[in-house]
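Visitor: Read off the chains here:
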Amino acid sequence: MAIPAQARSRRFRLLWILPAAVLLLAVAVLLARFVRELPAVQDFMTQYPGESELPPESPVGLPAWLGWQHFLSAFFILLIIRTGWQIRTEKRPAAFYTRNNRGLIRTKGAPHRISLTLWLHLSLDALWVLNGVVFIVLVFVSGHWVRLVPLHWDIFPNAVSVGIQYLSLQWPTENGWVNYNALQLLTYFITVFIAAPLAILTGIRMSPAWPTGRTRLSAAYPVELARRIHFPVMLWFVLFTVTHVTLVFATGALRNLNHMYAGRDDASWWGFGIFAASLLVMIAAWFLARPLFLRPIAALSGTVSR
Amino acid sequence: MKIIVLVKQVPDTWGERTLDSASGRIDRSNGDQVFDESGERALEVALRHREASGADIVAMTMGPPSAAEVLRKALAMGADSAVHVLDDALAGSDLSSTSAALAAAIKLEGFDLVIAGNESTDGRGGMIPAMVAEHLGVAHATFLNSTVIDATTVRGERGTESGTLEVHAGLPAVISVTERSPEARFPGFKGIMGAKKKPLVQRSLAELAPLDGGAKSVVLSVVRRPARSAGLIVTDDGTAAKQLADFLVTNRLA
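Residue numbers (numbering that gives the first Met the number 0), protein chains in the order written: chain A, 0 to 305; chain B, 0 to 253.
Only some residues are given here: those of chain B computed to face chain A with a beta carbon under 8 Å:
#, residue
1, Trp13
2, Glu182
3, Phe185
4, Phe188
It is worth saying that the hints were derived from the structure and are not from the lab.
A virtual CB, placed ideally from N, CA and C, is assigned to each residue, including glycine.
Could you build all of it, start to finish, from the sequences and the hints given here?
Guide: Okay, structure coming up:
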């Protein structure tokens, strides 16, 4: 069978990209190992061991509500990314949805007719944002925010130090119950306080909720710009999730899962059990999120048509 | 009341549809095969009547084995039973033999009302309902934009090229409905599960005797529609009016 020229060149590119990536990684690891042994770097790493000191009286441990928040966030983002991808790729939606403008949400203008996929994406967005708002409120009210926001400039040298430790394959000791390492903290901060708001702001621009009638506002913030940002933000979430899950499992899985889901700091199987159950829920939702089951739910607040 | 709904499996209008050049028949091998939309609306009319006054709804089709999928969907949407007129000798049937076979199957089943779509998206003949009525010897009211059914009559607005007519007929009768009829419902999960238990019977030509069956007309040749040629763009350099007039005259449009 003839392979199209474009696919052939892509396959050919893979032929050298893959070994090049492996080579680059090997070089980076060797370099980090070499750099690490330099006396100056040794001094630097003693001074900046990898975590920024928390203010006194910072809360210790992770509360139980975080487990819920974390599960819901993961649950929604999984389906949001999936439906977002479907919206980009689907050529012929299985059904369309028009809000009936009678229930909880009422607008002056007539509701737009949108694909069932977009309806699901927007509904999940709303739930994800609601979950996020609850999280932000709880994290600030409980004082846990100090663990999530960089408070000193030394977070950056500490992050560099952690980076060297990871790259040299001598990973920093996990201390997530008390304090995240600097790189971890920065990543969480970017995800919660930069990526998530960016996803929301760019999503609103593309959604039917945007007031397209406000021409000057729309011109100042073109939809193309929103689209160009929305997609890389999705890639950030994917990259973050892959790295996050990998590190959770590679740095004392049982203890980490207990931190995340069971609100306890030991190596029992509780956290793992809850995580496993949450995984089942996500898999079930993934397979049930099809027109046959979505139509009756969508029909509660609008008209589903072909 | 017993209502028979005529349904049909057609190639999806979404993709490119082709004729098999050897047999002159529809090429069913590529693209999706779906429930013809006007047939879905016919079923919707029957289902709404059943919800209002009760009825026994039989979905009926004639077609290759794959057409059973459409009957399954009709059962999932709410039809009570289904009849599949299936016989190799019927392959390639034209309007005349199709209507004869369907009428024979309808007679076998017994009916008060037959509802069909006005025309399928593949053949677009629009003649089957009237021909079936002729075979059955009952009145027909075709191309109905709206339908009202009661115990003894069926009435509605019939769309024609020059306007609309209010028509009615005593039962038993045959009607066909247009795309102005209400949009068909989606089959629900319960419907799909329940459809598996509903009866779907097959009728062969032998059961429909004394039909001789088979196509009465033969397709001699199939020609692909020529590609559309580019239109003529007239730019106004002072002679546009004359160019337009010439165009209309040479194309006998004036």
